[in-house]
Structures are given as structure tokens and as C-alpha cells.
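Trainee: Line order of the protein sequences matches chains E and U.
Residues in the first sequence are numbered consecutively from 1, following this note's numbering.
Residues in the second sequence are numbered consecutively from 99, following this note's numbering.
Heads up, some of the hints might be wrong.
To be verified - List of simulated lysine to aspartate or glutamate pairs, EDC-like, C-alpha gap at most 20 Å:
#	chain 1	residue 1	chain 2	residue 2
1	E	K93	U	E118
2	E	K42	E	E54
3	E	K93	U	D132
To be verified - A short list of chain U residues far from chain E (calculated; beta carbon distances all over 10 Å):
#	residue
4	G133
5	V172
6	E175
7	R184
8	V206
Everything labelled a hint here was simulated from the structure, so no lab data went into it.
Glycine included, C-beta positions come from ideal geometry on N, C-alpha and C.
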Amino acid sequence: MDVFAALGDPTRREVLRRVAGGPTTATELALQMPISRQAVSKHLSALDEAGLVERTVSGREVRYSLRAEPLSDVVGWVNEVGNAWDQRLAKLKSRLDR
Amino acid sequence: MNQPAPESDQTLPRVERAVELGVPAAVLWQHLVDGELASFWMGGVMTIEPRLNGRVLLHADDAPVVFGTVEELVSGESITWTWRTRDGEPTQVSIVVEPASDGSILRVTEQLIPYEIIHVPTTLG
Chain E
1 MDVFAALGDP TRREVLRRVA GGPTTATELA LQMPISRQAV SKHLSALDEA GLVERTVSGR
61 EVRYSLRAEP LSDVVGWVNE VGNAWDQRLA KLKSRLDR
Chain U
99 MNQPAPESDQ TLPRVERAVE LGVPAAVLWQ HLVDGELASF WMGGVMTIEP RLNGRVLLHA
159 DDAPVVFGTV EELVSGESIT WTWRTRDGEP TQVSIVVEPA SDGSILRVTE QLIPYEIIHV
219 PTTLG
């Protein structure tokens, strides 16, 4: 799953926001959110696959922390799409405002 | 767990722009929904069928074709379509045209949307 698809789910984004607050486990997240531990694990797997979280295994516990690097793809998207509309609206304005 | 409708989801990456134009809203609207007029400013040859489920196509020389479908339409006021390139991210474009004291204002929002809700036309005709 790529970073855009991983961010396409509101609950998954909420999981990511909480992980961004500091390393945590699926069990801890399930206590803070109105979803099951299994559901949290599923979202964490998707985030892991997209490279948005890092897993650290210590004993029987798996802790997840944020990996922010892939989010630069999102910044790139915002810049690209923003530039496209800036160009379009400038052309529209020069056409209609003459 | 309910998935909110895309238009109610304020947290996905999005781009918002607005421009004030010295023409009446009706003229601006025509430049939006008339493919020939839209092609002058959209950055490629624009095909747009201004009706619900109508096709939207943007064919630029230097970029992949973007294709999609009209999802919402209030004639003369607002149009929303979803579109994507073959390999790109699906997005939703919402454009609102409103009257202003000296003409009109165009507001555009483009935002990423989850894959599962985009309706891609089966033919590109």
C-alpha cells in the first residue's frame, strides 16, 4: 500500500496521529480508541507497509513509532497540484480580465 | 465504523485556491463547463459533460490524460468531479462560482480521496 492509500482511511489517520504522539503499542492504542485491538493491528500493518511507522520488537511487545519521510510525497503532491491551479487561474484571469 | 463522505473529510491533503474575475458569474460558469472555453485555461484539451455522471477529460501534451466523472452539479453555481490519471492518485475537484461586487469569484478545492469511492468511466471515448 502506498502512502496516499494508507492515508485514505480516516481511522488509519487517527492511528497515525496517535503514533506520532510517541512510540506506542496496538494494545495501548486500542484502549484510547473506540476500535478493537485487531482493528488497530490491521491499520498499523497498513501504515507499516506504507513505511509510515517503524516497528521495534522488545520481548513480547511491538512498539510503533512515526516515520515521517514518506509524508514528503504528500507535500510534493500539494505543491504540484497547487502549481497547476495557480497556472490555470492565472490563464483564466488573463483571458477574462482583459 | 462508518466512512464519512469525501466532501465531509477535512483531513485529507488538499489544495484550495480562489480568484476574483471581472466578468459576471454566468460568463465565468461558461468558461468552466464549456470544454472549448475551458481548454483555453485548464492547461490542455478539456472535455466536460456538465451533467451528473458526465465525463471529464483533460488531455495535455506533456502530461498523462486525466479522466473522471461529474459527481455533483448545481448549474451556474458549483460542480464537483473526481478524476485520476491511469497511474496517479484519485482526487476530487470542487469548483464554486459566486457573484461578487465587481464580477465573480471562482473557488477551487482539489483533494485526495480514498481509492474505493472513485467512479472511473469504463470507456475513455
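Trainee: Confirm or reject each hint.
Mentor: Verification of the supplied hints:
no.: 1; hint: E:K93 x U:E118; verdict: 8 Å, holds
no.: 2; hint: E:K42 x E:E54; verdict: 15 Å, holds
no.: 3; hint: E:K93 x U:D132; verdict: 16 Å, holds
no.: 4; hint: G133; verdict: 14 Å, holds
no.: 5; hint: V172; verdict: 20 Å, holds
no.: 6; hint: E175; verdict: 17 Å, holds
no.: 7; hint: R184; verdict: 15 Å, holds
no.: 8; hint: V206; verdict: 6 Å, violated
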